[in-house]
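Chemist: On the provided structure of chain A, position chain B as indicated by the hints.
There are 2 protein chains.
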Amino acid sequence: MSNENTLSFDRIQYILSELPFFEDFSADELEKFSKNLSLRSFHENSCLFQEGDIGDYLFFVVTGQVEVKIQSHKSSQIVIAKFGPGSSIGEMSLLDDYPRSATIQVSEPSELLLLSRKRLKALCEENPATGLKFMEGLVKTLSYRLRQANGRFADIS
Amino acid sequence: MSNENTLSFDRIQYILSELPFFEDFSADELEKFSKNLSLRSFHENSCLFQEGDIGDYLFFVVTGQVEVKIQSHKSSQIVIAKFGPGSSIGEMSLLDDYPRSATIQVSEPSELLLLSRKRLKALCEENPATGLKFMEGLVKTLSYRLRQANGRFADIS
Chain A
1 MSNENTLSFD RIQYILSELP FFEDFSADEL EKFSKNLSLR SFHENSCLFQ EGDIGDYLFF
61 VVTGQVEVKI QSHKSSQIVI AKFGPGSSIG EMSLLDDYPR SATIQVSEPS ELLLLSRKRL
121 KALCEENPAT GLKFMEGLVK TLSYRLRQAN GRFADIS
Chain B
1 MSNENTLSFD RIQYILSELP FFEDFSADEL EKFSKNLSLR SFHENSCLFQ EGDIGDYLFF
61 VVTGQVEVKI QSHKSSQIVI AKFGPGSSIG EMSLLDDYPR SATIQVSEPS ELLLLSRKRL
121 KALCEENPAT GLKFMEGLVK TLSYRLRQAN GRFADIS
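Same order as they appear, the protein sequences are chains A and B.
FYI, our numbering numbers position 58 of the first sequence as 58, with every residue one higher than the one before it.
FYI, our numbering numbers position 44 of the second sequence as 44, with every residue one higher than the one before it.
If you are wondering where the hints come from, they were derived from the structure by calculation, not from laboratory data.
Careful: at least some of the hints might be erroneous.
For chains that are exact copies, the list does not tell them apart, and a pair is met inside one copy or across any two.
Stated by the list, open to error - In silico SDA-like links for lysine to any residue, alpha-carbon gap of 20 Å or less:
| id | residue 1 | residue 2 |
| --- | --- | --- |
| 1 | K121 | S38 |
| 2 | K32 | I54 |
| 3 | K133 | Q65 |
| 4 | K133 | Y98 |
| 5 | K133 | L123 |
| 6 | K121 | P85 |
| 7 | K82 | E108 |
Keep in mind that this is a model prediction, so the values were computed, not measured.
Chain A on its own, in the form it takes in the complex:
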């Protein structure tokens, strides 16, 4: 392993330790994840993926901000959410085989941590207990989003 990779893993492990999603993870568990995530920079207005794309990764916002847009019947696209540092995006396509439910655009220069389905699967096979903890985090995140979505629906009924 090169020094450059080691430094990168150390930085990723530090970033993970600061993310709310990983707050209950041990140093050993964070190390396992740090080797399966990649850190990438994106320019403002970069489109990460479009509604309808086939997707197989999620990402965490480390710095910057992304916008979530969906197609509406009455207007071309509406921004339904903006996410900053600490947020995770793309959980839904990580396990199911449906297309992306929204378009994600970077609204200011951003650093993102990417986790692919393939890497997550390998990690879960090697460390079921760590994988389980990660899945519990996904369930909580999706539950929170669903509560928001249902609430929003009730508000406008």
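Modeler: Relative to the frame of chain A, chain B by itself:
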């Protein structure tokens, strides 16, 4: 263990093997779950839980039907979904500590399989790989619901 319990576990295991949620589970994994679920009958109009209640279990509809109702600003309560055999309800409160997001009422005589947070936790600790598979199922279920909720929002924007 009494014969009655053994018969009950066998019946629960058979029911589980017929539920779409457990279609990828082995006989051994189904057996582990069957000992942690309880089968209960409910009369028509029984209220299982109300929006705002603190909840710590999910259930699968085996026979019958339940209605999901939420409080709207304009009307007293609106039915947002009806679920029949094979459906799971209550996933959100299984892991997070927020109150129930909806009221669930039994709309015809029903048999339901209940799984408590406590039993799931014990099962996950004893069998992380089986727990992981269950959590992946929850992620897929919640993703599906979120896709429906976001789609519904786009339709009426």
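Chemist: If a hint holds in the structure, say so; if it doesn't, say that too.
Modeler: Comparing the hints with the structure gives:
Taking the shortest alpha-carbon separations for K121 and S38, only the intra-copy value of 15 Å comes in at or below 20 Å, while the best inter-copy value is 31 Å. Taking CA atoms no more than 20 Å apart as the test, K32 paired with I54 passes in neither setting, with 27 Å inside one copy and 35 Å between copies. Proximity of K133 and Q65 under a CA criterion of 20 Å is satisfied in neither setting, with 26 Å inside one chain copy and 33 Å between copies. Only between protomers do K133 and Y98 lie at most 20 Å apart by alpha-carbon distance; the minimum there is 19 Å, versus 24 Å within a single protomer.
Taking the closest pair of Cα atoms, K133 and L123 come within 20 Å of each other both inside a single copy (12 Å) and across two copies (14 Å). For a Cα distance limit of 20 Å, the shortest separation of K121 from P85 qualifies neither inside one copy, at 25 Å, nor across copies, at 30 Å. With identical chains, the CA atoms of K82 and E108 are at most 20 Å apart within one copy only, with a shortest distance of 11 Å there and 42 Å across copies.
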